[in-house]
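**Q** Residues per chain are reported as follows:
Number of protein chains: 2
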Amino acid sequence: MSSKISESYDQLMARYKQLTVIRVASGILNWDLETKIPPKGVEQRSEQLALLDVIAHRELVDPKVNELLGSIEKGLSKSKFDDVQKRNVQLMRKYYDEEARIPDELVSEMSRQAAITVNVWKKAKAAKDYSIFKPDLQKTIELKKRAAGILMDVKGTKNEYDALLDAFEPGMTAAKVTEVFDGMRNGLMAIMKKIESSDVKPDTSIITKRVSVEDQKKISLMVMDFLGFDTTSPESGARLDETEHPFSTGYYDDLRITTHYHVNNFASSMFSVLHETGHSIYEGYQRQDWKYLPVGAAASYGIHESQSRFVENIVGRSPEFLGYALPNLKKVTSGALKGVRLDDFIAAVNKVAPSKIRIEADEVTYGLHIIIRFEMERDIFAGKLSVDELPQAWNERYERYLGVKIKNDSEGVMQDTHWAGGSFGYFPSYALGNLYGGMFLQKMNKDVPDWKDSVSKGNFMPVKMWLRDNIHMKGNMYDPADLIKVVTGKKLDVKPFISYLDEKMGVIYDY
Amino acid sequence: MSSKISESYDQLMARYKQLTVIRVASGILNWDLETKIPPKGVEQRSEQLALLDVIAHRELVDPKVNELLGSIEKGLSKSKFDDVQKRNVQLMRKYYDEEARIPDELVSEMSRQAAITVNVWKKAKAAKDYSIFKPDLQKTIELKKRAAGILMDVKGTKNEYDALLDAFEPGMTAAKVTEVFDGMRNGLMAIMKKIESSDVKPDTSIITKRVSVEDQKKISLMVMDFLGFDTTSPESGARLDETEHPFSTGYYDDLRITTHYHVNNFASSMFSVLHETGHSIYEGYQRQDWKYLPVGAAASYGIHESQSRFVENIVGRSPEFLGYALPNLKKVTSGALKGVRLDDFIAAVNKVAPSKIRIEADEVTYGLHIIIRFEMERDIFAGKLSVDELPQAWNERYERYLGVKIKNDSEGVMQDTHWAGGSFGYFPSYALGNLYGGMFLQKMNKDVPDWKDSVSKGNFMPVKMWLRDNIHMKGNMYDPADLIKVVTGKKLDVKPFISYLDEKMGVIYDY
Chain A
2 MSSKISESYD QLMARYKQLT VIRVASGILN WDLETKIPPK GVEQRSEQLA
52 LLDVIAHREL VDPKVNELLG SIEKGLSKSK FDDVQKRNVQ LMRKYYDEEA
102 RIPDELVSEM SRQAAITVNV WKKAKAAKDY SIFKPDLQKT IELKKRAAGI
152 LMDVKGTKNE YDALLDAFEP GMTAAKVTEV FDGMRNGLMA IMKKIESSDV
202 KPDTSIITKR VSVEDQKKIS LMVMDFLGFD TTSPESGARL DETEHPFSTG
252 YYDDLRITTH YHVNNFASSM FSVLHETGHS IYEGYQRQDW KYLPVGAAAS
302 YGIHESQSRF VENIVGRSPE FLGYALPNLK KVTSGALKGV RLDDFIAAVN
352 KVAPSKIRIE ADEVTYGLHI IIRFEMERDI FAGKLSVDEL PQAWNERYER
402 YLGVKIKNDS EGVMQDTHWA GGSFGYFPSY ALGNLYGGMF LQKMNKDVPD
452 WKDSVSKGNF MPVKMWLRDN IHMKGNMYDP ADLIKVVTGK KLDVKPFISY
502 LDEKMGVIYD Y
Chain B
2 MSSKISESYD QLMARYKQLT VIRVASGILN WDLETKIPPK GVEQRSEQLA
52 LLDVIAHREL VDPKVNELLG SIEKGLSKSK FDDVQKRNVQ LMRKYYDEEA
102 RIPDELVSEM SRQAAITVNV WKKAKAAKDY SIFKPDLQKT IELKKRAAGI
152 LMDVKGTKNE YDALLDAFEP GMTAAKVTEV FDGMRNGLMA IMKKIESSDV
202 KPDTSIITKR VSVEDQKKIS LMVMDFLGFD TTSPESGARL DETEHPFSTG
252 YYDDLRITTH YHVNNFASSM FSVLHETGHS IYEGYQRQDW KYLPVGAAAS
302 YGIHESQSRF VENIVGRSPE FLGYALPNLK KVTSGALKGV RLDDFIAAVN
352 KVAPSKIRIE ADEVTYGLHI IIRFEMERDI FAGKLSVDEL PQAWNERYER
402 YLGVKIKNDS EGVMQDTHWA GGSFGYFPSY ALGNLYGGMF LQKMNKDVPD
452 WKDSVSKGNF MPVKMWLRDN IHMKGNMYDP ADLIKVVTGK KLDVKPFISY
502 LDEKMGVIYD Y
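Protein chains in written order, with my numbering: chain A, 2 to 512; chain B, 2 to 512.
There could be a bad hint or two in this list.
The calculated lysine to aspartate or glutamate pairs, modelled on EDC-like cross-linking and capped at a C-alpha distance of 16 Å, are [stated by the list, open to error]:
#, chain 1, residue 1, chain 2, residue 2
1, B, K357, B, E412
2, A, K37, B, E35
3, B, K41, A, D231
4, B, K37, A, D242
5, B, K292, A, E44
6, A, K218, A, E243
7, B, K37, A, E35
8, A, K37, B, D231
9, A, K18, A, D290
10, B, K37, A, E236
11, A, K41, B, D254
12, B, K492, B, E180
13, B, K41, A, E236
14, A, K37, B, E243
15, B, K41, A, D254
16, A, K41, B, E236
17, A, K123, A, D417
18, A, K292, B, E44
19, B, K18, A, E48
20, A, K37, B, D242
21, A, K292, B, E48
22, B, K18, A, E44
23, A, K18, B, E44
Calculated from the structure, these hints are not laboratory results.
Quantities reported herein were computed from a predicted structural model and do not represent experimental measurements.
Make a model of the complete structure from these sequences and hints.
**A** Here it is as structure tokens:
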């Protein structure tokens, strides 16, 4: 019995490895699609990616997987399986159930519709005409509701939207998000109010000074060197390339990040590199002995985002890092930053101002952009908000939470691609990443009290090791709520993030 | 019945499409492995490539494929299938039989051994010690003999080596190759003799003048522009990158070539770009309506090589192209070629001299390098030549055919990777490519008598269109011998190639 169960387990893990190898290969083909492919090759590539998806899907929903799972689960209580093995089985069960229960016909219909809706969204956005987008958005939502209905049964969630949330943030619920986001909104709006009353007006002309692409590449190297992210040595396991929208991808020994150089905004690429490297360090610091196992992966989208934002904001926008960086920036920017004072630089890259566009938002107002999207998603799937009402609901909330007037739907409800692609339940991860980051920071402050000193001297190692030991090397052993508990000893709480922001902004805005 | 057979046919072609999509994806992952991968990622990649191989193999040897083939073949005589459909079925039958009959265990053993032998070969070559290489070469040959024994049955060839040849040059036999290579050897040695007696001694210092990598990139663009190979426009379906050894890969709308820039040999990259683009044009000019069908592919390795060599040598080393190129080269090489006379340039890039290394050989002696390898392969698989005897057999032939003394096995029998990787039967394709090219040239001279005029004015279109109509768009409709017949009306013959060379060298060497 014991040998049979461990044989089944090995077979199950071999199956997971196959799945992963296919998906990692897909990831590289996707990276090539974004970075290197000649324009004519795009259609050919989409056929390759679609087929690899089908192959991975087939591998996962093969009845053999269910059989193996069944035979393992039957003997699990009497087995000598350790927690890692148990978690691997639990995750495989979840992956199998979720993917096997959605009918193939619905899977392909969703992916077909997503391609159409994204295409229509592009046109509608260019034409600033929501009515072009609406019918296909409606279809996308209907398909997603069907899938969510099925997943709700599989996962045993309370409602459909919770089932969608769970795909990005396992175990998270709309009720919980509502609760923490309410607290976050109050906290952020209070900080905004203080900033609005402040006399300090950061001068952002510092970051719009012309810096050539060549010099910005040196900034990227400087930043990656600080982070200990090696893209150049003969032992390197990473690359840096250029794309319109920065992203990161990769697995263990082959990590790839991208950035975009704007000659009139060197800070944009500098913080992109910090952000994307934060993601990649998380992937690259998974435990080697967990490679190709379910536990050898990120815990959730929110935890992933916590790592990128930790590096970008908590470290990258800290006075200590900026103090270390500025002299180096001056060295490599051919005089563009001559005479810039550190205080002005810190204020410029931390400037807070309500805006219409999420991806351009600062650290304080960013969360409000997310809350708006979350509330609307939640209401759509609760049947409280129709596709007809979306633009108005959007615009009202932007006025209420951020005090900005949306002039057209392209800068409003159509600004992001997520809903067009059917990714409902994704947005909350971004803000949860900030909240998790705040909690991690609070704990790290206790564990490594002198980390700021180190960073100010250009030494990121103490922070990196803390993140590695506490988060990266725990892989997917825990659902996010449990991981937070294990790392910090506490439940999800908005206060650490709000305090961190309030304190930093208090110094910058002198309130 | 008729509808059932066409249904089976459609299913069979859908299966071939899947196979092709997977292989094209693999091709890109291989390209990435050679060009972009961070060093640490290599092992991860080899797992991806191995798995995709297994998946493609499974798709092909699925009993369902045999069933579909069987049901189609039964009704084929009474069907309304056209020649293209019939050829598609015939090719699928061949692919299925060949791959299904080799036991999985032997397939994986061969690929495992190939990886080992290539690795050992690298070490042995570095150490100039054949004894390190010998045991694994022996194992590789034994495995290959087992596979060849099975393939001989499947294909119905006369001997094992013919079965290996057929994988690269369908329908070709050792007897036929021996016959044409004997003729080729006599022809080439006669030309060599005339050149040796000539007083003309080309000055190759012209091509070793220092040209920066940047300037050489401009040469690449000039060459690709001449060939109408677009790597830069928004409609481009191709890329050019750098690797240590130039190669080409790709499928239809996504073609990729690489080159290597040596600052002291601009001609090396210039002719590499001509050669690899020749390959890629062949791939890119397959018929659009044959995409993802067995007929929508190259006819053989030899025909592929005929296209690359046609572009590199027959066009690229012609006085007419060189006359067009030289002023352009002068423009982009920052004065490096100032004062170079056209006649001297033509002589330099066409210089003939016996050498030890195949890949550095000129147009005349190249064939002799191939003959040596062919004769030895043939004798190994006929049991007439043992692994112990290889170095001596190699060195003797190099002295006899080329008049050069091999000093060690690294510049001798271990210079190429082919045998280490198990690619026996591959070498003849290179020289057959030259012979095919000679025959194509003879026919093109009749069909497009003024092609040299066009080329001298920088217009490659008449040649390109002739190659497209006569070879590229015929895809894999014919085995090479039949294709030659269809295009030229003649059987394989060495004379056209020898005459072409003799004539060109006669002018250059003034004999």
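**Q** Take the hints in turn and mark each one as holding or not.
**A** Hints, verified against the model:
1. K357/B to E412/B: Holds, because 7 Å separates the two Cα atoms, which is no more than 16 Å.
2. K37/A to E35/B: Holds: K37/A and E35/B sit about 14 Å apart, inside 16 Å.
3. K41/B to D231/A: 11 Å, holds
4. K37/B to D242/A: 10 Å, holds
5. K292/B to E44/A: 13 Å, holds
6. K218/A to E243/A: 10 Å, holds
7. K37/B to E35/A: 14 Å, holds
8. K37/A to D231/B: The hint holds at about 15 Å.
9. K18/A to D290/A: 13 Å, holds
10. K37/B to E236/A: Between K37/B and E236/A the Cα gap is close to 14 Å, so the pair holds against 16 Å.
11. K41/A to D254/B: Answer holds: K41/A to D254/B is near 5 Å, not above 16 Å.
12. K492/B to E180/B: Given pair K492/B, E180/B holds - Cα atoms ~13 Å apart, limit 16 Å.
13. K41/B to E236/A: 6 Å, holds
14. K37/A to E243/B: Status holds; Cα separation ~13 Å.
15. K41/B to D254/A: 5 Å, holds
16. K41/A to E236/B: 6 Å, holds
17. K123/A to D417/A: The hint holds at about 10 Å.
18. K292/A to E44/B: 13 Å, holds
19. K18/B to E48/A: Between K18/B and E48/A the Cα gap is close to 10 Å, so the pair holds against 16 Å.
20. K37/A to D242/B: 10 Å, holds
21. K292/A to E48/B: 13 Å, holds
22. K18/B to E44/A: 14 Å, holds
23. K18/A to E44/B: 14 Å, holds
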